[in-house]
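*Asks:* The lines below spell out each chain.
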Amino acid sequence: MTTTTAGGGVRARRPRALPLRYVVRKTVTAFGTLVFVVIVNFFLFRVLPGDPAKAFSPRGRNADPNRLAEIRRDLGLGLPWHEQFWAYVKNLASFDLGVSWGQHAPVSRLIGERLWPTVLLSGTALLLAAGIGMWLGARAGWRHGSRLDRVSSSGAVTLYSTPEWLLGLVLLIVLSDLGVIPAAGMQNPLSELPPALDIAWHMVAPVTVLAVVYIAEYSLIMRSSMLDERYADYLTTARAKGLRDDLVMRRHALPNALLPSITLFFLTLGFVVSGAIGVETVFNWPGLGRLTYDALRGPDVPLLQGLFLTFSAGVILMNLVADLLYPLLDPRVRAS
Amino acid sequence: MKTARSIAWARRRVALGAFWQGYRRDREGLFGLVVLVVFATVAIAAPLLADAEGLSLTKATGPRLAPPSLAYPFGTDEDGRSVLTEVIWGSRISLLVGLAATVISMVIGTLVGIGSGHFRGFGGGVLGRLTEWFLVIPYLPLAIVLATVFPPDVPRIIAVIIVIGVTSWSGTARLIRAQTLSIEERPYLERARALGGGHWHQMSRHILPNVMPLVLANTTLTVSIAILAETTLSFLGLGDPLRMSWGKILDNAYSGDVITSGAWWWALFPGLAVVLVVRAFNMCGRAIERVLDPRLRELA
Chain A
21 MTTTTAGGGV RARRPRALPL RYVVRKTVTA FGTLVFVVIV NFFLFRVLPG
71 DPAKAFSPRG RNADPNRLAE IRRDLGLGLP WHEQFWAYVK NLASFDLGVS
121 WGQHAPVSRL IGERLWPTVL LSGTALLLAA GIGMWLGARA GWRHGSRLDR
171 VSSSGAVTLY STPEWLLGLV LLIVLSDLGV IPAAGMQNPL SELPPALDIA
221 WHMVAPVTVL AVVYIAEYSL IMRSSMLDER YADYLTTARA KGLRDDLVMR
271 RHALPNALLP SITLFFLTLG FVVSGAIGVE TVFNWPGLGR LTYDALRGPD
321 VPLLQGLFLT FSAGVILMNL VADLLYPLLD PRVRAS
Chain B
7 MKTARSIAWA RRRVALGAFW QGYRRDREGL FGLVVLVVFA TVAIAAPLLA
57 DAEGLSLTKA TGPRLAPPSL AYPFGTDEDG RSVLTEVIWG SRISLLVGLA
107 ATVISMVIGT LVGIGSGHFR GFGGGVLGRL TEWFLVIPYL PLAIVLATVF
157 PPDVPRIIAV IIVIGVTSWS GTARLIRAQT LSIEERPYLE RARALGGGHW
207 HQMSRHILPN VMPLVLANTT LTVSIAILAE TTLSFLGLGD PLRMSWGKIL
257 DNAYSGDVIT SGAWWWALFP GLAVVLVVRA FNMCGRAIER VLDPRLRELA
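As they're listed, the protein sequences go chains A and B. Positions 21 to 356 (the numbering used here) are the ones given, in order, by the first sequence. Positions 7 to 306 (the numbering used here) are the ones given, in order, by the second sequence.
By construction, these hints were calculated from the structure, which means they are not laboratory data. The model shown is predicted, which means the values in this text are computed figures rather than measured ones. Where is the CB? At the ideal position from N, CA and C, for every residue including glycine. Hints are supplied without guarantee of correctness; some may be wrong.
As the list claims (entries may be wrong) - Covered, in the sense of this in silico footprint (three residues per stretch, anywhere, with C-beta under 8 Å from a C-beta of chain A), are these stretches of chain B: (1) 134 to 143; (2) 149 to 155; (3) 231 to 245.
With these hints in hand, go ahead and build the complete structure from the sequences.
*Replies:* Spelled out as C-alpha cells, the structure:
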C-alpha cells in the first residue's frame with residue numbers, strides 16, 4: 021500500500037496490455053457462473069415436489085385440463101431430465117426463452133422491448149450517484165470526524181437502511197398531492213413536449229429516488245477507501261513537499277482511493293437490479309423491473325425465468341468488465 | 007480442577023467483559039441497542055398493547071382512511087383498521103422472519119466459509135466456487151424466483167424465511183473464508199495437526215472460536231439485510247398473505263388507494279418502523295466492528 025508511486029504518475033504511465041492468460045481465466049470464470057445460473061434456472065422451475073403444472077396454474081387444483089396440458093408441454097414434463105435440459109439449452113443458444121403465459125408473446129421479445137427503459141433509468145441514476153457519491157465520500161473521509169462527515173455518513177447509513185421503493189412510495193404520495201412532476205409511466209401521449217423531453221420529465225422522480233439511495237452507497241464506499249489511504253506514507257511526503265491540503269487530496273489520495281471504489285461500482289450492480297425492480301414497480305416505469313412485478317401476478321413462469329437469466333447475465337457481464345478493467349487501472353494487481 | 011476447556015471459557019468470559027466495556031462507551035452502538043430493545047419489547051408485548059381483533063377485516067370499527075388522531079394515533083387504513091395496531095403486530099412477523107432467516111444464513115455462511123478455507127483440494131474448491139456464484143447472482147431476482155417456485159403446501163412464512171436465509175449467506179461465507187485462511191497459517195493449528203487432531207477437531211476447537219467474533223459482528227448486518235428482504239418480498243406480494251408484517255401493510259397500501267387518496271400515514275409509519283429497526287441493527291453492527299477492530303478505534 022505504501023510502496024506505490026503517487027497518483028499523479030498514473031496518467032503519465034503508458035497502459036500495458038493485459039496478459040492473455042488473465043483475460044481467458046476471468047472469462048472462463050464468468051462463463052462458469054453463467055452456466056451455474058442456467059442450471060439453477062432450469063432445475064428450480066422443474067424439480068419441484070408434486071405436479072409443477074398444478075403449482076403454477078392460476079387456479080391451483082381446479083385448473084382447466086387443457087391449460088394444464090399446455091403448461092406441461094411448455095415445461096417439457098414427461099420427457100427424461102437430460103432431454104428436457106438439452107432442449108432448454110438448445111433453445112437458449114438461439115435466444116428462444118419460450119412464450120409468456122400471461123402476454124402470449126415470445127419472452128425474448130418482451131424482454132428486448134423493456135430492456136432500454138431500464139438501462140436508461142438505472143444508468144442515469146447510477147452515473148449521477150457515482151459522481152456525487154464519490155465526491156461526497158472523498159470529502160467526508162478526508163475530513164474524518166468533521167461536521168460534513170458526521171452529517172453525510174449518518175444520512176448515508178439511514179438511506180442505506182431504506183428500501184428504494186419505500187422512498188419512492190412516500191415521494192409519490194407527496195407528489196400526487198402537489199401534482200407538479202409526473203409521477204408514473206414513461207411518456208404522456210397527450211403531452212405537447214417533444215418525446216425526448218417528455219421522457220426526461222417523467223424520469224425526474226424515479227431517477228431522484230434511485231440516485232439518492234445509490235449516492236449513499238457510493239459515498240460510504242468512497243469514504244472508507246479514503247480512510248484507508250489517509251495515513252499512507254506517500255501523503256506525508258506530499259505534505260512535506262509543502263503542497264496545499266486540497267491538492268494532496270485531489271492529486272495524491274483521490275486517485276488511489278478511487279481504485280477500490282471503481283471495482284465496487286461494478287460489483288454492486290447486483291443491488292441496482294433490486295433497486296430497479298422496486299422503483300419501476302412503484303413509478304409504473306415500463307422496464308424490466310415492472311415486467312418482473314407483472315410476471316409475478318400469474319405467475320408467468322417462462323417470463324420470470326427469462327428475467328432471472330437476463331438480470332444475472334447482466335451482473336455477470338459487469339463483473340467481468342470490472343475484473344478486466346481493474347488491472348489496467350491498478351499496476352499493483354498487474355504486477356502480481 | 008482446571009481443564010483446557012475451563013481455561014478457554016474463563017478467557018472468553020474476560021474477553022466478553024472487555025468487549026462490553028468497549029461497547030458501552032460507543033454512543034451510536036448504545037442508541038441502536040436501546041431502539042432494538044424497545045422494538046423487541048413491543049413485539050413481545052403486542053397482545054397487551056393492541057387487540058389482535060383489530061387486524062380482522064370484518065371486525066374493524068374505525069372510519070375509513072382517517073388521518074392520525076387521538077383514537078387512532080397512526081390513522082386508519084382503507085378498511086378502517088388502526089395502522090398502529092397493524093404496525094405493532096407487524097413487528098412480530100418482521101422481526102421473527104428477519105431473525106430466523108439470519109440464523110439460517112449465518113449457519114450456512116459459517117459452515118461454507120470454514121469448509122472452503124480449511125479443506126484444500128476438490129471439496130474446498132467447490133465450496134469456494136459456490137460462494138463466488140452466490141455473491142455474483144443478484145439476490146432479489148433469485149429470491150423472487152425461489153419464492154415463486156416454493157412448494158405451495160409449506161406455510162408461506164416458513165417459505166419466506168428459508169428463501170431469505172438461502173440467498174443471503176454468501177457475504178458471510180467470503181468473510182469467514184478469508185479469516186479461516188489466515189488462521190490456518192498460525193502455529194497453534196500446525197501444533198494441533200502435528201498432534202494428530204482431525205479435521206473436525208481443528209475446525210470446531212480452533213477455527214470456530216476464532217471466527218466467532220466476526221460471525222457475531224456480521225450477524226447484526228445480516229439481520230438488517232434480512233428484514234429489508236422480507237419487506238421487499240412482502241411488498242411484491244410474495245409474503246404470507248395471512249400474517250401482517252410491515253411489508254404486508256405497505257403492500258396493502260400500494261395495492262389500495264394510498265397514492266391517490268393521499269393517506270400518507272398508511273405508508274409512512276410502517277415505513278419508518280422498517281427504516282428505524284434496520285438502521286438500529288446497522289448502528290449496532292458498526293459499533294461492534296469499531297470495538298473489535300483496533301485500527302478503527304484509533305481513528306475515531
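*Asks:* Confirm or reject each hint.
*Replies:* Okay, the hints, checked on the actual structure:
{"no.": "1", "hint": "134 to 143", "verdict": "holds (count 5)"}
{"no.": "2", "hint": "149 to 155", "verdict": "holds (count 5)"}
{"no.": "3", "hint": "231 to 245", "verdict": "holds (count 7)"}
In terms of the numbered hints stated before, the structure departs from none.
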